[in-house]
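Order-wise, the sequence lines are chains A and Z.
If you read the first sequence in the UniProt record's numbering, its first letter stands for residue 1, the second for the next number, and so on.
If you read the second sequence in the UniProt record's numbering, its first letter stands for residue 1, the second for the next number, and so on.
The set of hints was computed from the structure by calculation and includes no laboratory data.
We put the CB at the ideal spot given by N, CA and C, even for glycine.
Check before you lean on any hint, since a few could be wrong.
What the hints assert, rightly or not - Simulated DEER-style distance windows between Cβ atoms:
id, chain 1, residue 1, chain 2, residue 2, range
1, Z, Q227, A, Q328, 46 to 56 angstroms
2, A, P365, Z, D175, 41 to 51 angstroms
3, Z, K95, A, V363, 45 to 55 angstroms
4, A, P365, Z, D220, 23 to 33 angstroms
5, Z, G279, A, G279, 16 to 26 angstroms
6, A, Q328, Z, Q325, 30 to 40 angstroms
7, A, K153, Z, G253, 29 to 39 angstroms
8, A, P255, Z, K95, 20 to 30 angstroms
Listed below are the residues making up each chain.
Protein chains: 2
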Amino acid sequence: MAAITHKALKSTGRIFANLAIVRGKYLKQTPRRFSSFPQEAVAIQYRQHGDPVKVLFWSEVQLRKPEQGEVMIKMLAAPINPIDIYMIRGTYPLKTELPHTAGIEGVAEVIEVGEDVSALKKGDWVIPAKGGLGTWCTHSVCAAEDLTSVSRKIPLLSAATLAMSPCVAYRMLTDFADLKEGDYIIQNGANSSVGQAVIQIAAARGIRTINIVRHMPADDRRIKYLQDIGGTHVLTEEFLRSGQMKEFMTSLGRPTPSLALNGVGGPSATEMLRYLAPGSNVVTYGGMSTQPVIIPSGKLIFKDLHFHGIWMMDWNQKHYADSKQKRQMYDELVDLSVQKKLRPPFCELVPISDFCEAVEIAVAPFKSAKQIFVMDQELLKKLNETKMMQSDNVIREEVEKDML
Amino acid sequence: MAAITHKALKSTGRIFANLAIVRGKYLKQTPRRFSSFPQEAVAIQYRQHGDPVKVLFWSEVQLRKPEQGEVMIKMLAAPINPIDIYMIRGTYPLKTELPHTAGIEGVAEVIEVGEDVSALKKGDWVIPAKGGLGTWCTHSVCAAEDLTSVSRKIPLLSAATLAMSPCVAYRMLTDFADLKEGDYIIQNGANSSVGQAVIQIAAARGIRTINIVRHMPADDRRIKYLQDIGGTHVLTEEFLRSGQMKEFMTSLGRPTPSLALNGVGGPSATEMLRYLAPGSNVVTYGGMSTQPVIIPSGKLIFKDLHFHGIWMMDWNQKHYADSKQKRQMYDELVDLSVQKKLRPPFCELVPISDFCEAVEIAVAPFKSAKQIFVMDQELLKKLNETKMMQSDNVIREEVEKDML
């Protein structure tokens, strides 16, 4: 496949050329307070691929005024996405020029606009429109076309986590089956951030979900949480493989699921195939088990199942910021977020200066919360202390304290 | 999946009720010579599923006059298809009422027409329009809508083998990719009867084929034969797995294959995926290796490959004899057959009285020729002796004698 290469990838590298670098070490210092038009930024970068804890470094970056078609943005919050880890390790198919600023997700505020930029204005909230933007920084100058504006009505953490998982969930629920209210879908990896978004978007559309989760000690609470956000049925992989699963599916009656969403691969994916209606579609967005998707030939020939994949970065490349499909998607996702029908996944807020510890937590197995960098210390304090936090991520209040 | 059940399946069982049965034994006797309107037929049937050699029996069947919407047909020739073996064993998803007459393929002549039948007339050549007709017989009375007429210009053996393999090949080359002249496709199991049809239909359309065959002692000749009927490149599975394959594919330049046809499964299918263009479709029609289709998740996500299956019986159920798509398909296949651009697969002609030996040969591994029952002894003699044989199956003359 042709590697995704576009202007943003190159320009990101360019912005951060000629840097003062403190290699292999992160500084606990607070980024300097900037005036309304900052001269310098901080960025978490890497010059070579490898273990994130070893190759990431803290950079102080000279900023320049945005030129034609460009804007200057102030990053507000940026999560650690699993893709970030793969990209830093160099095992992801999206390759960028080095040095590169890490981070594919996040929300920023436009603080300066170059000439000929009509789609964005000062004060707009923006999220990356494509892959490779480099969001683990305090400020950046980038092409306006590499950004998509989102409503400021959306909770901050929803905005920070909107560009990937909810979009993947939206596309899977929209592009592969003609789902009507009352229809069933089945998914594994249901407690991943994509899985949580699937549950909520489906629930908002009246689609019923059968959600398979990995067996874990905290099972009961995990199951309860997924039910609380709208999961119709939540079952463990153990149950999926058991004789009871067939009985359970029979008890649901018609219609049987016409869509399966697979983020796991291996036996977990193969088992789901038993319970699909003929002619169903199966969409793979991840392979958490690191095992391939294994399909008995009869499921293809006699059951007429169809298998596809979704890669959000590729979809984004093919759909410009102002495309009708993209606008519709963001409108629905923002609307659901504002209504609190689409909540951000479990998350833990950390200052960007703690990037090494945060990355260590992110790469550990069985992590339960997404690490989100909050760039401004005052904002971080406010998010962690005020009611804003409650309305942003009420789940955190209710469940997270003693569960995570 | 709802089992395919239709009138034909039930009526076939009914026609042959109350029979004189010689169980577990086949008679070497010649079927009685019938008048122009026969009273009796011979059919190879089974009352229970199991080893074909044990459960098949020779039946003498009372024929009745065709009623409204029915015709009486005289079978001319009917092959042993691998599906027949699975159906007799009871391992095929298409279930029929028992007792059942074996055989899903073949060509017959209409010899009597009931009331309200306008689509068929006496003397027409017909092939089964759906599954489960029961073609291993000398005569049968069945619903006209379960038959599709084919031109009598077509060679007899082409007509007898037209209903399955060439149709599967046609659909795979037509429904899953927008192929243009000069495009490449890749297929494994290229010397199966479907594989041979794929090569020939593709060649007639100017599509180039990369054909993977199992390594066999007679390799060179097998490869030469597949090249002779239009295979652009013929390679062994051993070569497919070797380091040379990548070099070979690079040497072909653009366009890379956008369609893969899989009749084998297992590593043979997985290896083909490496050489497909992003966004390609992979269609499975068989699983000769008895191994599942194994897809690394990255091939779905990052390479955007799509996987489908084709089941001709299901397609036929969904498309009536007079549907535009079906008519177009038969027109092209008949046209190619008449022009000798689509030859029947290697075959061996046998009297229906030899059904037990023929079945034994058909179930043996590494068989090289399709067993075809010819119902009329005079026709069989003529086919085996005259020039008609040459024009029907010239390959037999050229290659088969010392190869098979």
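Quiz prompt | Index of numbered hints that the structure contradicts, given in increasing order | solution = Violated: hints 4 and 7.
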